[in-house]
Amino acid sequence: MSKVHVETRINGERMEFLCEPQQSMLDVLRDNLRLTGTKEGCATGDCGACSVLLDGRLVCSCLMLAVESGGHELTTIEGVARGDELHPIQRKFLEHAALQCGICTPGFIVAAKALLDENPNPTEEEIRFYLAGNLCRCTGYDKIIRAVQDAAKTLRGEAA
Amino acid sequence: MSEAQDFKYIGRRVVRPDGVDKVTGRANFGADFALPGMLYGKVLRSPHAHARVKKIDVSAAAAMEGVYAIVTGADFPKVGSEEITGGEGAGDFADLATNVMARDKVVYHGHALAAVAAKSNAIVDAALSAIKVEYEVLKPVLDLDTAMADGAPLVNDKLFTAGLKEKPTRPSNVAAYMEFKRGDIDKGFAEAEVVVEGTFRTPTVHQGYIEPHACVATINQGGQATIWCCTQGHFDVRSMTCKVLNLNVADVRVIPSEIGGGFGGKTTIYLEPVAVMLSKKAGRPVKMTMTRDEVFRASGPASATKCTVKIGAKKDGTITSMHAWLAYEAGAYKGSSMAPGAMCIFAPYNVPNFLIQGYDVLVNKPKVAAYRAPGAPQSMYACESVLDDLARQLKMDPLDLRLKNAVSEGSVAAYGPKFNAIGFKQCLEAAKKHPNYKLKLGPNEGRGIAAGFWFNAGMQSSAEVHINENGTVTVVEGSPDIGGSRASMALMASEELGVPYENVRVLVADTESAGYNNVTGGSRVTFATGMAVIQASRDIIAQCKQRAAATWGIEADMVDWKDGQAIPKPGVNADVKPLTLAQIAANAGRTGGPLLGRASLNARGPGPGFSINMADVRVDPETGKVDVLRFTAIQDAGRAIHPSYVEGQMQGGAAQGLGWALNEEYVYDANGVLQNAGFLDYRMPVASDLPMIDTQIIEVPNPNHPYGVRGVGEVPIVAPLAAAANAVRDATGIRIHDLPLSPPRVLAALEARKG
Chain A
1 MSKVHVETRI NGERMEFLCE PQQSMLDVLR DNLRLTGTKE GCATGDCGAC
51 SVLLDGRLVC SCLMLAVESG GHELTTIEGV ARGDELHPIQ RKFLEHAALQ
101 CGICTPGFIV AAKALLDENP NPTEEEIRFY LAGNLCRCTG YDKIIRAVQD
151 AAKTLRGEAA
Chain B
1 MSEAQDFKYI GRRVVRPDGV DKVTGRANFG ADFALPGMLY GKVLRSPHAH
51 ARVKKIDVSA AAAMEGVYAI VTGADFPKVG SEEITGGEGA GDFADLATNV
101 MARDKVVYHG HALAAVAAKS NAIVDAALSA IKVEYEVLKP VLDLDTAMAD
151 GAPLVNDKLF TAGLKEKPTR PSNVAAYMEF KRGDIDKGFA EAEVVVEGTF
201 RTPTVHQGYI EPHACVATIN QGGQATIWCC TQGHFDVRSM TCKVLNLNVA
251 DVRVIPSEIG GGFGGKTTIY LEPVAVMLSK KAGRPVKMTM TRDEVFRASG
301 PASATKCTVK IGAKKDGTIT SMHAWLAYEA GAYKGSSMAP GAMCIFAPYN
351 VPNFLIQGYD VLVNKPKVAA YRAPGAPQSM YACESVLDDL ARQLKMDPLD
401 LRLKNAVSEG SVAAYGPKFN AIGFKQCLEA AKKHPNYKLK LGPNEGRGIA
451 AGFWFNAGMQ SSAEVHINEN GTVTVVEGSP DIGGSRASMA LMASEELGVP
501 YENVRVLVAD TESAGYNNVT GGSRVTFATG MAVIQASRDI IAQCKQRAAA
551 TWGIEADMVD WKDGQAIPKP GVNADVKPLT LAQIAANAGR TGGPLLGRAS
601 LNARGPGPGF SINMADVRVD PETGKVDVLR FTAIQDAGRA IHPSYVEGQM
651 QGGAAQGLGW ALNEEYVYDA NGVLQNAGFL DYRMPVASDL PMIDTQIIEV
701 PNPNHPYGVR GVGEVPIVAP LAAAANAVRD ATGIRIHDLP LSPPRVLAAL
751 EARKG
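Chains as they are written, first to last, in my numbering: chain A, 1 to 160; chain B, 1 to 755.
Excised from the complex, chain A in its bound form:
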């Protein structure tokens, strides 16, 4: 099978890659581009560990073909920090101990960023439903929700 040439932007950088037409975005990110921060938990769109932003919209990269990224802008966990400073969501995950094993963390941070970009002042219920596509088996979600609430507060400029 001949490979397809794709031009896209990932984390603000122009990227080119060759991929097989049936390859998922997740596989290309991880295997071809070695951006392994995006995780595979199921490859069926049920766990959210592979969450990325496609033109700012939250998607499971396992459910997207790599060729579909052509001409679009992707943000992965590697692109969430602001230069050499952590994004407030990342900082709050650390301060609240909102991760135990850490495998779901990149997906949660990307999904939480999508939520807070869209809704800077979500209720607890809105956070819980927005993040319902991301599975965490370690934390029981309590500290994740609190970290997102606190990050939202910080991003709104209120004292944390």
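Keep in mind the hints are simulated off the structure, nothing from the lab.
None of the values given here were measured: they were computed from a predicted structure.
Just so it is clear, CB atoms sit at the ideal spot from N, CA and C, and this is done for glycine as well.
Don't take every hint at face value.
Partial list, derived from the structure: chain A residues whose beta carbon lies under 8 Å from chain B [what the hints assert, rightly or not]: (1) E13; (2) T36; (3) G41; (4) T44; (5) A49; (6) C101; (7) I103; (8) A132; (9) L135; (10) C138; (11) T139; (12) G140.
Got chain A; can you put chain B on it based on the hints?
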């Protein structure tokens, strides 16, 4: 050591040392590793639950371009029977070997029987479908009742029940029987004024770690292998892989990656020996990663169980007799978590007469693995449900009933030893005082109480403490960090050495770089590996005192260590200035060489853990759906080194236990084919299913640890099953005995009452 111990670092909610890498995607987990020239490997799995393998034809697959190696059972050495020790599960190396790769028979849907290594995943998949297997399909055994009945089809026709007084003459699916007793239960039931009994079933459930099993393996022509993998115990991966492949331990190096959850499920091996064999045949490194479907079908879930519990008591609540009959599915190979389940079931209570009988039973399902407090959630679900029914019959507060019979320091546990300082009564008292216990409930709402218990483990750990040239600290240990333990290790080293937490970094080193360590399991790491870190730090302090003494020209026993510096004891040469760790380190080359502290130990006296959980639920009468309104977890942690991560264990265990109680189950068809091998249909709790989970840490210090630590990781999953079930009973007035309490089951019970 006392409760009034004054700590500078212990108990602080610091940011974990590995944190930044984990929130930025830099941390490398099992599937993130790659080597140049690496091939991709995958396993061919049985579509049948029980079948004889008559012929495997790999010729078409082998001829495909890009296929480098194919292995089947014929490529693996024969492994003799030998008990596996040291891990968290039970089992036999011969079974482990055939579980890794079947020989003449497949015994569950998903059993491995061949594997391919090729240039790409696409070629691997094509090659797997080109392998032709001829099966003679056999009748599967899929549940405990069938498996234990006379004349049942046999999963293994060479298996005879162990533990019976008389050696059986016929093979059986019952691999083992065990019993514990005290007094005379018949006499105890005769003395009782109220007797309550119930039979409870729990389904096969999975640990549900989000990271699938993964490894990269490479082996050279000299037989030296390196394995990178996600595991709870790389030393166990080494010993198990060596047994299965007949390799020399000296030739195998296992490098643990970060681990994306395990909960006991990553204390054994599946892919590692297969990847080594493929690498040997292909002459290249091979990477293997399970799909989620494979994780469900072919890694070890937790035992399905059937437990009958009978409890007799006086009208004042004094328990006179307890009887438990426990059957645990082992999967297709012996070794379920029945034994710990049997040992835990009555551990929280003082009872003059009890009998506990346990059965380890083979069925055509994957061999079970440890799952967080293995065995205890199932048996204690039955016991704590019957106690709830007993409290109702006695018209007694369920906490008071438990308080009346609770064990405390000096009590002899049902499983044998005498309890040291424990915090069960303190947890019960805290629950009674908790504001959540006093909240009013609305219509269709109910509250459930249950207790949890787990022994906790000690076992073998080693640690080194290296002092860098500027006085900063590197801790080298060998316990994979599955939930923030690096932070606890760093806090303990900071506390001992008196150096800032930020100056301590912790490395989880591989099998050739760290001393031996048992698995990250049994809630043992903060206790046992932590103790090794404390001892290694004290080794450093002793060395620093010597260096300071030599510098000052005094005896080492005239030197004290305080706040990170050596100081002369009062009355000694007053002209001497204190020497900081940094000063001693900078001068180390002139005073005897680098500062390296070491400790290795087999930690005794882990200190049992107790908990009380309180669940408030609302049951929708239209749909049978159970919503958790509030959940309160109270647990004795001995000493919380990092309270946030202790709370995290309590909250995570509560969520897993609630999943087990309310939704999770393996669904098999009549042929033993798993119907829900994915996260969509195996329904684990998501954020919108749960409320905030309230925690209260009780600290009754464990006298066997320098800071009082007792394990905290496993107890949290024990009580939620019964707490939720008792809450549903309270809300509906109906006792449903089987888990999960999923909407169809609850609705059926509500409908049945309507008639």
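When the hints from earlier in the document are held up against this structure, which numbers fail?
Failing hint: just 1.
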